[in-house]
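A.B. asks: Take a look at the letters that make up each chain.
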Amino acid sequence: MRGVQVEFKDYYKIMGLQRSATQDEIKRAHRQLARKFHPDVSKVANAEARFKEVGEAYEVLKDPEKRAAYDQLGANWKGGQEFRPPPDWDAGFETRGRGSAKGDASDHSDFFESLFRRGFDESRSAHPGERTFHAHGQDHHAKIQIDLEDAYHGAQRTLNLRLPEVDAQGHVLLREHTIEFTIPKGVRAGQHIRLAGQGGAGTGQGQPGDLYLEVEFRPHAHYRVDKHDVYLDLPVAPWEAALGTQIEVPTPSGRVELKIPAGSVSGGKLRLKGRGIPAKTPGDFYFVLQIAVPPAPTETEQAAYQALAEKFKSFNPRTKLGALA
Amino acid sequence: MSTTTRFLDGSMPQSQAELSLIEVCRCCAVQTDFIVALVEEGIIAPVVGSEAASWRFADAQVHHVTLAWRLQRDLGINLAGAALALQLLDEIETLRAQITASA
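So the protein lines, in turn, are chains A and B. The first sequence begins at 1 in the working numbering and counts up by one. The second sequence begins at 1 in the working numbering and counts up by one.
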């Protein structure tokens, strides 16, 4: 931790609580914020970072001993301030060796690590494996964001991993490891890509574990994905929708000629069967028609609209409203 | 200290379309008990097999296992609550895809 600037984290502020909050209030605040920022549920920007921050704050505040030790730092610290733990700051508090049931060390901020993680590594290296023992390495799990186009074509990616390793002296070192791998064509959000042998090292002659990457699509500016179907809003001119036409349109698998039938309506869907995400049973691709209204800034254009109104005197766009219209 | 592994082929355990109980557990990092509980709650259902040992699960279900696990662990909700959340999340995903981006 030395040499790295550590910022003080105001766990009470993160949870929206007073320093005098009761344990019940802390629990309630955590539940509310966890629901709000859960990365599987929330569409808030930075949801994942906020969720981790809240989880870290709760891990300290829910535990009366850790909370007391944290409170001892005093109320003068402001979030973001450069922080160094005072020497022996946690003397008299039994906080060591209490791991969290979820997540791992890398999920926590440097601030958390500087306070609560010391002593962990010591206890880990305190049990050197004396006997010969073979065991399968642990499987590791991580998330990966890919573009929709990668699922259509497959892709090659590079991933940098930092793996903690214990050296002969019992020190924990972070080893940088770069993996280059292919993303298989046809992968969908929520699926896992398995990289065989890239998980934790086995013990003795045990095989290493596998690395599982859970796939997420990066939000796309134009395409929307529902399972293996893909949607695109397609703006058309009123006369294109009314008279029908043939236009060239983009899809992730390339440009296609699309026939717009005469009498199309706004919100109407045109389906390209099997042009969704590739698979044994591929998804479908949908164009959702959006009728764009041409602006009429000049008299000529306004006259054109007037002429149209004359021709369509009996047209009532509000017939569906019935008696309300 | 750094090393590089060149071009591994990422494989999808699900691409064989059906997974055994053990494969689902490994893929999602959960215990078999949890999968059994999900089946009992009706959150996922094996496509084949009347007993746990012969169960085969479809690839689409794997996502639900991971989600149910995280919702339960992180939000302190029970399996019935997780089941409801999953159903609503699915519905939202479909609606989000269908509503117009321009609106």
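A couple of the hints might just be wrong.
Anything over 12 Å on all C-beta distances counts as not near chain A; from chain B, calculated [unchecked claim]:
| # | residue |
| --- | --- |
| 1 | 29 |
| 2 | 32 |
| 3 | 39 |
| 4 | 41 |
| 5 | 45 |
| 6 | 47 |
| 7 | 59 |
| 8 | 66 |
| 9 | 85 |
| 10 | 93 |
| 11 | 96 |
Across the chosen pairs, the derived CB separations fall in these ranges [stated by the list, open to error]:
| # | chain 1 | residue 1 | chain 2 | residue 2 | range |
| --- | --- | --- | --- | --- | --- |
| 12 | B | 88 | A | 156 | 35 to 43 Å |
| 13 | A | 49 | B | 81 | 36 to 44 Å |
| 14 | B | 51 | A | 172 | 42 to 50 Å |
| 15 | B | 78 | A | 296 | 55 to 63 Å |
| 16 | B | 78 | A | 7 | 32 to 40 Å |
| 17 | A | 32 | B | 91 | 20 to 28 Å |
| 18 | B | 53 | A | 280 | 22 to 30 Å |
Derived from the structure by calculation, the hints contain no laboratory data. Beta carbons are placed, not taken as given, at the ideal position from N, Cα and C, and that holds for glycine.
A.B. asks: Assuming the hint says 36 to 44 Å, is it satisfied by the Cβ distance from residue 49 of chain A to residue 81 of chain B or not?
C.D. replies: 25 Å, violated
A.B. asks: Confirm or reject the statement that residue 66 of chain B sits farther than 12 Å, beta carbon to beta carbon, from all of chain A.
C.D. replies: 7 Å, violated
A.B. asks: Confirm or reject: residue 39 of chain B is not an interface residue toward chain A, with every Cβ-Cβ distance exceeding 12 Å.
C.D. replies: 19 Å, holds
A.B. asks: Taking the minimum C-beta separation from residue 96 of chain B to chain A, is that value above 12 Å?
C.D. replies: Answer for residue 96 of chain B: violated, closest chain A Cβ roughly 7 Å.
A.B. asks: Quick check on a hinted range of 42 to 50 Å for residue 51 of chain B and residue 172 of chain A, using CB atoms only.
C.D. replies: 44 Å, holds
A.B. asks: Using Cβ atoms and 12 Å as the threshold, tell me whether residue 29 of chain B really stays out of contact range of chain A.
C.D. replies: 5 Å, violated
A.B. asks: Note whether the CB distance of residue 78 of chain B and residue 7 of chain A lies within 32 to 40 Å or breaks it.
C.D. replies: 37 Å, holds
A.B. asks: Say whether it holds or is violated: residue 93 of chain B keeps its Cβ farther than 12 Å from all Cβ of chain A.
C.D. replies: At roughly 6 Å from the nearest Cβ of chain A, residue 93 of chain B sits no farther out than 12 Å, so the non-interface label is violated.
A.B. asks: Do residue 78 of chain B and residue 296 of chain A keep their Cβ atoms within the hinted range of 55 to 63 Å?
C.D. replies: 59 Å, holds
A.B. asks: I want to verify a distance hint. Is the separation of the beta carbons of residue 53 of chain B and residue 280 of chain A within 22 to 30 Å?
C.D. replies: The hinted range 22 to 30 Å holds for residue 53 of chain B and residue 280 of chain A, with Cβ atoms some 26 Å apart.
A.B. asks: Run the C-beta distances from residue 59 of chain B to all of chain A and say if the shortest one exceeds 12 Å.
C.D. replies: At roughly 7 Å from the nearest Cβ of chain A, residue 59 of chain B sits no farther out than 12 Å, so the non-interface label is violated.
A.B. asks: Would you assess whether residue 45 of chain B, listed as outside the interface, keeps its beta-carbon beyond 12 Å of every beta-carbon in chain A?
C.D. replies: Label holds. Min Cβ-Cβ 17 Å, cutoff 12 Å.
Hint compliance for this structure: hints 1, 7, 8, 9, 10, 11, 13 are broken, all remaining hints hold.
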